[in-house]
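Student: Here the protein sequences line up with chains A and B, keeping their order.
Residue numbering for the first sequence follows our numbering, beginning at 1 and increasing consecutively.
Residue numbering for the second sequence follows our numbering, beginning at 1 and increasing consecutively.
The set of hints was computed from the structure by calculation and includes no laboratory data.
Incorrect hints may appear among the rest.
[As the list claims (entries may be wrong)] As a list, the in silico SDA-like pairs of lysine to any residue whose alpha-carbon atoms are at most 20 Å apart:
#  : chain 1 : residue 1 : chain 2 : residue 2
1  : A       : 185       : B       : 249
2  : A       : 192       : B       : 146
3  : A       : 97        : A       : 358
4  : A       : 192       : B       : 125
5  : B       : 427       : A       : 148
6  : B       : 249       : A       : 144
7  : A       : 192       : B       : 341
8  : A       : 359       : B       : 341
9  : A       : 359       : B       : 56
10 : B       : 249       : A       : 38
11 : A       : 185       : A       : 144
12 : B       : 146       : A       : 137
13 : B       : 427       : A       : 38
14 : B       : 175       : B       : 125
15 : A       : 48        : A       : 324
16 : B       : 146       : A       : 206
17 : B       : 249       : A       : 206
18 : B       : 146       : A       : 324
19 : A       : 192       : A       : 222
20 : B       : 249       : A       : 207
21 : B       : 249       : A       : 140
22 : A       : 185       : B       : 54
23 : A       : 359       : B       : 350
24 : A       : 222       : A       : 50
25 : A       : 359       : B       : 259
26 : B       : 125       : B       : 89
27 : A       : 192       : B       : 152
28 : B       : 146       : A       : 310
29 : B       : 249       : A       : 42
30 : A       : 192       : A       : 150
31 : A       : 62        : A       : 222
32 : A       : 48        : B       : 249
33 : B       : 249       : A       : 358
34 : A       : 359       : A       : 310
35 : A       : 185       : B       : 56
36 : A       : 341       : A       : 295
37 : B       : 249       : B       : 190
38 : B       : 249       : A       : 250
39 : B       : 249       : A       : 47
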Amino acid sequence: MSNDTALAAQEPKTLKTDTLFVNLGPQHPSTHGVLRVGLTIDGEMITKAVPDIGYLHRGTQKLAEVRGYHHCVVLTDRWDYVSAMPNNLVFCLAAEKLMGLKVPPRADALRVVMCELNRLASHLLFFGTYGIDIGAFTPFLYAFREREMILDLFEMVCGARLTYNYIRLGGVMVDVTPEWLAKTKEFLDYFKPRLDEYDTLLSFNPIFMARTQEVGLISAEKAVNWGLSGPNLRGSGVNYDVRKNDPYSGYEHYDFDVPLGKTGSCWDRYYCRVQEMRQSVRILEQALAMLPHGEVSATGVAKVPKPPSGESYAHVEGSRGDLGIFLVSDGQASPYRMHVKAPSFLNLAILQEILVGNKVSDVIAILGSVDIVLGEVDR
Amino acid sequence: MTASGSEPSQTPLASAAPAPKPAAKPAAKPAAKPLPEPVFNQRAGRLIRDTRYWPTELWKDPWASQSYRRGAAWLAGIILGIFATGWAVGELAPWGDRIYEAIVSFVSARGWPAVVGEAIWIVIKALIVLHVILINGLWAIWWERKISAHIQSRVGPTYAGGFHGWAQTILDGIKLLLKEDVTPTAADKWVHALAPAIVVVPVIIAFAPVSFGVELSAANLDVGVLYIFALAGISVIGIVMAGWASGNKYSLLGGLRASAQLVSYELPRAFSVVPVLMFAGSLNLQIIAQAQSGYWWGVVPRWFLFYPVVGQVAFAIFLIASIAETNRTPFDIPEAESELVSGFHTEYSGMKWSIFFLAEYGYVLLASFLLAAFFLGGGAAPLPWLSAIPSWIWMLSKALFMMFVFLWVRWTFPRFRADQLMDFNWKFLLPWSFANIALAGAYLLWI
């Protein structure tokens with residue numbers, strides 16, 4: 001009897017456990033780039049998570065200070081390389097504000113078309129890679145099949161598949177051809193039924209829902225406090241979309257809804273994006289139907305623009321959230337200062353709070369659902 | 001020569017020149033005129049259509065394409081050819097008996113003890129079964145790549161060997177043999193080297209009592225089912241060893257997950273078969289298959305799969321548990337690519353790594369043969385008028401169909417989380433397998 005109690009007293013010593021430090025990244029298939037998360041795990045549970053960034057820093061904000069305004073558009077392509085059109089657009093909007101340029105209506109409509117096509121491409125990439133994160137490989141290739149078509153469309157219009165440099169100061173690079181418009185309509189007709197296919201294949205798969213619906217909950221208050229934006233914010237039920245709240249490039253003329261989530265779980269964020277694809281298709285159909293005629297570039301854009309001294313801020317609803325640019329001009333040929341408000345960078349910060357207390361498998365689910373692009377995080 | 005040669009040639013040209021010239025000119029003009037071709041890349045100045053196809057162009061009517069029709073004809077021809085060959089060869093068991101008699105007469109003619117003949121016969125049988133497993137590895141990997149490709153709207157291997165990339169796995173195997181065998185510095189060298197062997201040896205031995213048709217198995221064991229389950233349980237030790245010895249944190253996690261998962265799923269897997277054993281009254285795979293011969297009303301085969309409720313529940317549980325036992329999606333958490341970077345075999349390369357694969361596909365084949373023997377009537381023909389085709393063809397077809405189900409499931413579903421997987425096992429599969437045993441008892445008592 002006394003022996004047993006003595007053994008029981010010794011038991012905590014013999015069962016002493018220790019935590020394990022695991023480097024998730026920068027070389028890991030599911031960090032979507034070169035993110036490193038230092039995980040301290042106790043068995044399968046996360047006790048501490050420290051995101052570590054900076055592996056893809058290229059100093060584009062500093063680089064802009066020695067380049068002309070036209071040349072800065074090229075830099076913007078390299079932030080969020082998965083959806084470069086909104087990056088082009090936001091810089092052009094900010095610079096046009098400084099220069100007081102008026103963009104012709106056809107150029108505005110083409111900008112909307114390109115941004116929405118790029119949102120489709122970006123969300124398709126998210127859809128596919130998120131499927132892989134959860135372990136379903138097939139949706140990835142379905143998504144890429146469609147994404148390839150969008151990239152082909154981009155290649156047709158501007159020659160590039162990833163870094164477009166299509167939206168320029170005062171308008172767009174070149175007008176689209178009637179053949180391109182026909183091809184885009186063909187794509188949209190093909191793409192709409194595919195969205196229902198995605199829902200049956202992945203969105204409402206019981207295993208997928210079990211993996212994502214109770215995981216990574218972000219309340220609306222927490223989402224606002226951490227400065228989330230885009231589908232991550234709307235997944236928590238906060239109705240904020242720059243296209244609605246502060247319309248630019250004529251978004252106020254299009255009829256579309258802002259899909260919202262309820263609980264802020266991984267599944268809500270995921271499904272917000274899937275529904276946003278439907279809305280993008282709606283916008284695209286309207287934009288293509290009422291594409292105005294006329295010029296695609298404003299007249300009087302200087303070869304070496306020297307905007308008057310001043311500052312401007314422009315923001316757009318990029319594929320990952322509220323993407324903003326703050327430009328300061330001192331009257332010289334290059335910006336005095338350019339600052340990017342990158343949504344991925346702000347969305348990433350919340351990871352250190354919501355990862356703790358989850359399992360290793362959930363880390364991948366949460367990381368994937370926040371949908372960061374490291375090019376935009378590090379710039 | 002040149003002058004005389006050019007003279008006659010010039011005259012027809014000169015006479016013909018006025019006629020084709022006006023015809024050639026309009027032909028040349030439109031080629032230069034329409035700059036924007038249907039799909040024209042304005043910047044690169046070239047047509048995209050020539051090299052890249054959209055699914056909208058290719059998939060409108062697949063039967064309209066000649067290659068599609070030819071492929072379907074090939075497939076039908078191959079299947080019919082296999083059945084015709086089977087019909088011509090007949091049952092394999094008599095051939096085995098003939099070889100055995102030849103060996104016995106050869107040995108007795110030389111005055112050697114009869115044990116020698118038995119030993120030679122056992123070695124031949126073991127070699128045949130071993131080659132079934134090895135060739136299955138080659139075949140299954142190619143098949144999985146093709147099926148996954150077609151599920152994912154790709155085409156898979158196409159070049160190696162010419163016909164639909166049939167030689168791809170062979171060439172991959174040669175590549176793996178030639179690769180450097182890396183052992184990490186942090187690894188426990190002996191355990192690291194031993195682990196693949198411990199994983200693969202049980203699956204090879206476990207094939208001994210598997211029946212490939214009527215009276216066709218390497219060893220006709222009366223405890224066949226028990227023997228297979230016992231051996232299949234050993235491999236988990238090898239996986240834990242691999243995870244532990246790699247000296248990699250991800251591998252360690254994979255090994256730990258594997259040990260929990262495989263040990264858990266053995267329970268419903270074994271219990272789901274108990275109703276089958278109760279109906280058949282034996283643990284011998286041959287007798288289990290024989291118990292399913294015959295037809296209800298002359299049409300519906302008396303397979304255990306078609307026993308109302310009991311058969312289907314047992315089949316579903318055994319199938320799910322078998323997928324979990326073979327570490328395949330949706331139960332592939334020990335080697336979750338996106339989480340654990342391949343888990344327990346991250347640190348293996350070359351032939352050691354491919355031995356893990358050989359074991360995995362060996363287990364898939366084993367599970368397919370067991371599913372065919374337990375639930376699909378073994379070598380029995382699905383319809384009475386098809387019984388001219390020998391049993392080994394039916395056994396093989398059923399096993400391959402079950403293998404296809406394995407691949408199909410893998411490329412369709414996402415992955416469970418470790419705790420959900422355990423919940424599913426202990427709270428769903430195991431209770432239902434117990435309930436199914438009770439139901440089978442009720443059947444036997446009152447029906």
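Student: Now tell me if each hint is right for this structure.
Tutor: Results for each hint:
no.: 1; hint: A/185 x B/249; verdict: violated, 50 Å
no.: 2; hint: A/192 x B/146; verdict: violated, 28 Å
no.: 3; hint: A/97 x A/358; verdict: violated, 46 Å
no.: 4; hint: A/192 x B/125; verdict: violated, 57 Å
no.: 5; hint: B/427 x A/148; verdict: violated, 44 Å
no.: 6; hint: B/249 x A/144; verdict: violated, 32 Å
no.: 7; hint: A/192 x B/341; verdict: violated, 35 Å
no.: 8; hint: A/359 x B/341; verdict: holds, 16 Å
no.: 9; hint: A/359 x B/56; verdict: violated, 42 Å
no.: 10; hint: B/249 x A/38; verdict: holds, 13 Å
no.: 11; hint: A/185 x A/144; verdict: holds, 19 Å
no.: 12; hint: B/146 x A/137; verdict: holds, 15 Å
no.: 13; hint: B/427 x A/38; verdict: violated, 34 Å
no.: 14; hint: B/175 x B/125; verdict: violated, 30 Å
no.: 15; hint: A/48 x A/324; verdict: violated, 31 Å
no.: 16; hint: B/146 x A/206; verdict: violated, 27 Å
no.: 17; hint: B/249 x A/206; verdict: violated, 30 Å
no.: 18; hint: B/146 x A/324; verdict: violated, 46 Å
no.: 19; hint: A/192 x A/222; verdict: violated, 34 Å
no.: 20; hint: B/249 x A/207; verdict: violated, 27 Å
no.: 21; hint: B/249 x A/140; verdict: violated, 28 Å
no.: 22; hint: A/185 x B/54; verdict: holds, 13 Å
no.: 23; hint: A/359 x B/350; verdict: violated, 32 Å
no.: 24; hint: A/222 x A/50; verdict: holds, 19 Å
no.: 25; hint: A/359 x B/259; verdict: holds, 18 Å
no.: 26; hint: B/125 x B/89; verdict: holds, 19 Å
no.: 27; hint: A/192 x B/152; verdict: holds, 19 Å
no.: 28; hint: B/146 x A/310; verdict: violated, 61 Å
no.: 29; hint: B/249 x A/42; verdict: holds, 12 Å
no.: 30; hint: A/192 x A/150; verdict: holds, 13 Å
no.: 31; hint: A/62 x A/222; verdict: violated, 32 Å
no.: 32; hint: A/48 x B/249; verdict: holds, 17 Å
no.: 33; hint: B/249 x A/358; verdict: holds, 18 Å
no.: 34; hint: A/359 x A/310; verdict: violated, 50 Å
no.: 35; hint: A/185 x B/56; verdict: holds, 12 Å
no.: 36; hint: A/341 x A/295; verdict: violated, 31 Å
no.: 37; hint: B/249 x B/190; verdict: holds, 19 Å
no.: 38; hint: B/249 x A/250; verdict: violated, 53 Å
no.: 39; hint: B/249 x A/47; verdict: holds, 16 Å
The earlier numbered hints that this structure contradicts are 1, 2, 3, 4, 5, 6, 7, 9, 13, 14, 15, 16, 17, 18, 19, 20, 21, 23, 28, 31, 34, 36 and 38.
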